[in-house]
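*Asks:* Chain by chain, the residues:
Number of protein chains: 2
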Amino acid sequence: MQAVILTAHGGPDCLVVRDDRIIPGAGSGQVRVAVSASSVNNTDIWTREGAYGAPGNPTAIAGWRGVPIRFPRIQGIDAVGHIDSVGSGVDGSLLERRVLVDPAIRENPEQPDEVTGVLGSEIDGAFAEYLVVDAGSVHDVSHSPLTDAQLACLPTAYGTAMGMLDRAEVSRGETVVVTGASGGVGMAAVQLAAALGAVVCAVSTPQHEENLRRSGASFVLDRGGDIAEQLRSVQPSGVNVVVDVVGGEMFELWPSMLKVDGCIVVAGAVAGPVVSVDLRQLYLAQRRIVGSTLHTRRQFERLVDLANTGTVDPVIAARFPLADIRKAQRYFLDKSETGKVILEVGRET
Amino acid sequence: MQAVILTAHGGPDCLVVRDDRIIPGAGSGQVRVAVSASSVNNTDIWTREGAYGAPGNPTAIAGWRGVPIRFPRIQGIDAVGHIDSVGSGVDGSLLERRVLVDPAIRENPEQPDEVTGVLGSEIDGAFAEYLVVDAGSVHDVSHSPLTDAQLACLPTAYGTAMGMLDRAEVSRGETVVVTGASGGVGMAAVQLAAALGAVVCAVSTPQHEENLRRSGASFVLDRGGDIAEQLRSVQPSGVNVVVDVVGGEMFELWPSMLKVDGCIVVAGAVAGPVVSVDLRQLYLAQRRIVGSTLHTRRQFERLVDLANTGTVDPVIAARFPLADIRKAQRYFLDKSETGKVILEVGRET
Numbered sequence: 001m002q003a004v005i006l007t008a009h010g011g012p013d014c015l016v017v018r019d020d021r022i023i024p025g026a027g028s029g030q031v032r033v034a035v036s037a038s039s040v041n042n043t044d045i046w047t048r049e050g051a052y053g054a055p056g057n058p059t060a061i062a063g064w065r066g067v068p069i070r071f072p073r074i075q076g077i078d079a080v081g082h083i084d085s086v087g088s089g090v091d092g093s094l095l096e097r098r099v100l101v102d103p104a105i106r107e108n109p110e111q112p113d114e115v116t117g118v119l120g121s122e123i124d125g126a127f128a129e130y131l132v133v134d135a136g137s138v139h140d141v142s143h144s145p146l147t148d149a150q151l152a153c154l155p156t157a158y159g160t161a162m163g164m165l166d167r168a169e170v171s172r173g174e175t176v177v178v179t180g181a182s183g184g185v186g187m188a189a190v191q192l193a194a195a196l197g198a199v200v201c202a203v204s205t206p207q208h209e210e211n212l213r214r215s216g217a218s219f220v221l222d223r224g225g226d227i228a229e230q231l232r233s234v235q236p237s238g239v240n241v242v243v244d245v246v247g248g249e250m251f252e253l254w255p256s257m258l259k260v261d262g263c264i265v266v267a268g269a270v271a272g273p274v275v276s277v278d279l280r281q282l283y284l285a286q287r288r289i290v291g292s293t294l295h296t297r298r299q300f301e302r303l304v305d306l307a308n309t310g311t312v313d314p315v316i317a318a319r320f321p322l323a324d325i326r327k328a329q330r331y332f333l334d335k336s337e338t339g340k341v342i343l344e345v346g347r348e349t
Numbered sequence: 001m002q003a004v005i006l007t008a009h010g011g012p013d014c015l016v017v018r019d020d021r022i023i024p025g026a027g028s029g030q031v032r033v034a035v036s037a038s039s040v041n042n043t044d045i046w047t048r049e050g051a052y053g054a055p056g057n058p059t060a061i062a063g064w065r066g067v068p069i070r071f072p073r074i075q076g077i078d079a080v081g082h083i084d085s086v087g088s089g090v091d092g093s094l095l096e097r098r099v100l101v102d103p104a105i106r107e108n109p110e111q112p113d114e115v116t117g118v119l120g121s122e123i124d125g126a127f128a129e130y131l132v133v134d135a136g137s138v139h140d141v142s143h144s145p146l147t148d149a150q151l152a153c154l155p156t157a158y159g160t161a162m163g164m165l166d167r168a169e170v171s172r173g174e175t176v177v178v179t180g181a182s183g184g185v186g187m188a189a190v191q192l193a194a195a196l197g198a199v200v201c202a203v204s205t206p207q208h209e210e211n212l213r214r215s216g217a218s219f220v221l222d223r224g225g226d227i228a229e230q231l232r233s234v235q236p237s238g239v240n241v242v243v244d245v246v247g248g249e250m251f252e253l254w255p256s257m258l259k260v261d262g263c264i265v266v267a268g269a270v271a272g273p274v275v276s277v278d279l280r281q282l283y284l285a286q287r288r289i290v291g292s293t294l295h296t297r298r299q300f301e302r303l304v305d306l307a308n309t310g311t312v313d314p315v316i317a318a319r320f321p322l323a324d325i326r327k328a329q330r331y332f333l334d335k336s337e338t339g340k341v342i343l344e345v346g347r348e349t
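Listed in order, the protein sequences are those of chains H and L.
Residue numbers for the first sequence, in the numbering used here: 1 to 349.
Residue numbers for the second sequence, in the numbering used here: 1 to 349.
Keep in mind that the hints were calculated from the coordinates and are not lab data.
Check each hint, because a few of them may be wrong.
The list makes no distinction among identical chains, and a pair is therefore deemed to hold if it is satisfied within one copy or across any two copies.
Computed cross-link-like contacts, SDA-like style, restricted to lysine to any residue with a CA-CA straight-line distance of at most 25 Å [as the list claims (entries may be wrong)]: (1) Lys259 to Thr296; (2) Lys259 to Ser142; (3) Lys327 to Gly25; (4) Lys259 to Ile61.
The structure displayed is predicted, hence computed values, not measured ones.
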């Protein structure tokens with residue numbers, strides 16, 4: 001089969017396109033998925049670079065678990081496709097179903113929601129024509145009105161956004177700031193928060209404003225300007241929640257922009273992970289910073305429901321064939337278009 | 001009456017002892033308390049100094065609400081005494097009751113647990129022979145086996161510790177680190193966490209070890225040594241909760257010392273409020289930093305129950321007459337003894 005092999009932690013040249021990989025077989029309790037689409041995500045790029053650091057050593061070359069991943073590895077956290085083979089003990093009626101793969105692996109029986117591995121990091125992922133996962137990881141989306149390409153936008157971006165909004169307990173009528181709002185997780189958070197009935201203030205650049213308003217943002221703040229001033233002018237009494245995937249210097253603003261009992265929920269830090277926090281701004285007003293990775297099983301099931309009812313409307317910026325992965329990641333990092341970058345794998349169905 | 005007047009934000013010389021203050025009268029819905037004891041707390045010192053900073057301006061001279069307080073002010077957040085007069089509309093049977101004053105003022109009907117003011121900061125407090133508060137702020141401790149001096153240890157130190165443990169959802173069998181463990185809030189957190197059935201690792205200095213073990217600490221870590229190494233040797237898989245009132249450089253350690261889903265709860269920052277956080281250590285393991293100030297009404301009621309059943313055992317380091325407030329605060333800041341520093345006001349009963 002065709003697959004993109006990651007040979008080591010490093011730059012784009014560590015990604016090698018091969019056409020001679022052996023198709024993996026589904027073991028007991030597993031299914032094999034013929035992949036039709038994946039998408040480009042920061043996490044695949046950070047895992048390639050080993051950009052996650054380690055406890056006590058922020059610059060260590062490591063995957064998200066704080067240690068290097070094992071090579072060769074097929075990356076690709078987002079996977080949509082059809083079930084093409086089932087292992088022993090798996091219901092045969094799953095065959096031919098169109099499925100969305102939950103990329104979170106949860107193998108700690110004492111903490112069933114703990115993410116212990118991720119598709120494309122601890123096990124081979126979707127940058128290949130076939131992948132094998134536990135049968136419990138696939139969710140039927142045969143009847144979703146969304147295309148495979150649209151479905152491939154969901155697992156990481158919308159799963160992460162769903163996890164963040166849920167962990168921050170966002171509810172109807174609350175005010176929510178979303179940073180990096182034109183990116184995958186950001187755009188998903190704008191749509192999901194608006195669908196929950198929240199008032200969304202999206203932080204982005206003017207070129208994305210129209211798309212963000214169409215996705216449900218009530219206000220679009222220009223990150224090139226004075227964000228604190230812009231936010232105070234539209235939400236003078238502060239906001240309930242900040243959904244942040246940016247981190248960096250801008251992070252210092254957020255605690256004082258929150259109401260009493262407000263929450264910053266963080267799932268990434270594209271502008272830099274090491275930030276400065278004035279603890280007084282947290283403790284004097286019972287504010288909190290909540291870390292969030294991906295989603296729980298229950299949160300993913302809610303996302304699958306939204307996919308099956310067509311309640312979400314993923315925006316696609318561009319499509320590339322899998323073999324053009326390096327070009328796709330370069331396009332993604334350029335961030336000039338709104339929405340997700342799709343990788344087409346095998347045939348679209 | 002005798003009272004200590006704070007004349008401006010500044011050093012100890014801004015505290016002036018006076019014997020000619022007019023005794024305040026209880027208005028409608030209020031009670032007057034003849035104060036018998038108070039105690040020394042960081043918050044009174046920080047309020048005197050104006051050391052709370054302001055949003056966007058960490059070095060601004062301000063009270064805890066981010067603006068200067070109004071002068072002259074009678075400080076004193078902890079208050080124990082007898083009800084000596086009641087205003088109109090207040091049940092006369094409260095007269096002569098021994099009471100503990102809840103120092104948190106909550107005047108936002110939309111957020112009934114929001115602390116909008118604090119005794120000794122927004123209204124006159126316990127550094128005087130008499131104070132006036134709303135009748136809803138006093139709690140009957142007439143039948144508590146604790147002395148007035150012991151009761152005066154409770155509101156801020158134990159109230160804050162109770163709020164922290166509750167907001168961090170500490171439960172039986174969990175592992176809890178307590179920093180600044182020989183201080184007022186720290187010692188209270190050690191006792192209350194041990195009473196909840198948690199395994200307590202106290203961070204302090206060797207001279208306080210015996211007192212901390214007697215208060216329920218299973219392990220005492222020397223903050224002069226390598227804390228990460230000491231903690232890993234007794235809790236190799238990490239801890240559930242860090243109860244922190246220290247902040248400063250040591251704060252950088254805590255995120256990576258937590259288990260997945262772990263929590264750092266913060267109510268102060270004696271070693272410095274502006275800290276560095278690696279957001280990856282939060283988001284990759286769903287860890288959170290929760291700010292906590294004082295306590296809710298319900299948490300204070302639980303504390304009053306513990307006082308009335310004698311379940312808590314406050315440790316007293318020293319006692320000073322109110323007029324020696326400057327000497328008492330100097331002794332407190334020296335931190336050589338374990339426990340609370342009591343201010344004796346009026347007659348002990």
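*Asks:* Any hints from earlier that this structure breaks? Give me their numbers in increasing order, please.
*Replies:* Those not satisfied are hints 2 and 3.
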